[in-house]
Amino acid sequence: MDYGIKTWGNDNFFIEDGKVKVNTGCEPSLMEIIQEIRKDGIRGPILLRFPHLIQKQIRMIYKSFADAKKEFSYEGSFNAVYPLKVNQFPNFVKNLVSLGQKYNYGLEAGSKAELLLAMAYNNPNAPITVNGFKDNEMISLGFIAAEMGHNITLTIEGLNELESIISIAKDRFGCVPNIGLRIRLHSSGIGIWAKSGGINSKFGLTSTELLEAVNMIRDANLLEKFTMIHFHIGSQITDIAPLKKALREAGNIYAELCRMGATNLRAINLGGGLAVEYSQHKTTLHKNYSLSEYANDVVYLLKDIANRKNVSEPDIFIESGRFVAAHHAVLVAPVLELFSQEYTDQKLHLKEHNPPLIQELFDLFNTMNRKNALEFLHDSIDHMESLLTLFDLGYIDLQDRSNTEILVNLIIKKAVGLIADKKLSEILDIQDRVQERYLVNFSLFQSLPDFWGIEQTFPVMPLDRLDETPTRSASLWDITCDSDGEIGFNTETPLFLHDVDIKNRDYFLGFFLV
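This note's numbering puts the first residue of the sequence shown at 508, with every later residue one more than the last.
The hints are simulated quantities; they were obtained by calculation from the structure and are not laboratory data.
A few of these clues could be false.
Pairs of lysine-lysine, DSSO-like flavour, derived with a Cα cap of 30 Å [what the hints assert, rightly or not]: (1) 920 / 570; (2) 576 / 609; (3) 528 / 546; (4) 619 / 609.
The task is simple: from the sequences and hints, build the whole structure.
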């Protein structure tokens, strides 16, 4: 079983000799890496990072846009900035900045702390964009960054921020940062982040406010500092259609502003949204576009609008964070225990004279084959319901009830092994009833907060034994004393794992794209 690795792995991970391997020079297996680390006595969950995968993702973005620009003879430049909110760990940021230096890859900040981080680590002359709500202190920090020589753009979310910039500019004789205006598009994205865009978004300026903002900038003699418009229709855009609609809307707004006299306006910032494929299964969560299609659509649409409106083709900015960062990190956690609903025929204690339905269950189990498995499965479920009713009415005893549970469970597991279509909805529903609980040494809230907070799924798979067929429908329990610390078995996205004997062999799970 490959756990959908060809779908979400992006050629970064692959399976060979029953083990997950990372696509790098020596192609080590993750099990080999973990075993080396455990020699130092580390036994808890481990977050593995592969910086070369950051570099690969950055390179893919820049190459795709370079190819698109060449294909359509696009005159504007392409720029990317990394949103620090996605991952602010210093070691990660240092690696990111170093790996992106050849591309002049910049940073995006959404808070004072992130802006200070960007000022400290950003590559010389690489762009810094500042989004989100900003108080006077943060705006003043933006002025300081400009005076230090940073290529910084303060993106205005509301007219009050623009008033603060104008006021501070009057009091300071140094450099004024570039000004961007976030536009509130009618177009919106899809999914749980859709409210980031659209007419009811809390971010951005309406058309009326946009016109007022341009007049305020002109009256303050800062029109030469107005260089960018920005929009963001949401993260994880799995459908390309809403983005294309937003591009047309933003492109026309850009053209109208240029024709109104915004002579230094030269850039459109698309925000984030470039989707990461998290799904291990064929579900509606699959993105319906490639990176090259994304780049081609952006370049073609903006060029088409600019040419029709007779304005310069804008510089393109994107702020894709997950796409760059997700692939490089893998959480590895050991299984501590398997809480199995382990019913075996050794635990079966049939009487000399059993109730007829129990005897029939025993016969069903012994005579089941591939041809009659589904039929016998249905019969066993019916018999169980009847026998439980008989127990409630006092016609059978506790030993009979125990024998019923054991026989039905044995029949279910035997039927699942015999039925060819393991993804048949009926079979998945049955497996949900006999799911096994794997106790895993990690905290869901600490290590995978997005799963708990926004129900973000992540690819999960064992690191080895991938040349063996997993037979147990699995739910994962973390070690916290909280009932929410569980990744339950889901019949729409089922997880199957192997039988494990922790005393004799370690069993590790990898949580990918974290």
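Hints versus structure:
Restraint check for residue 920 and residue 570: the C-alpha separation of about 50 Å exceeds 30 Å, so the hint is violated. Proximity of residue 576 to residue 609 is assessed by CA-CA distance (about 19 Å); at most 30 Å being required, the pair is judged to hold. Note on residue 528 and residue 546: the hinted pairing holds, with a Cα-Cα distance of about 20 Å set against a maximum of 30 Å. As the CA atoms of residue 619 and residue 609 are separated by approximately 27 Å, the hinted pair is consistent with the 30 Å bound.
Checked against the numbered hints above, the structure breaks only hint 1 and satisfies the rest.
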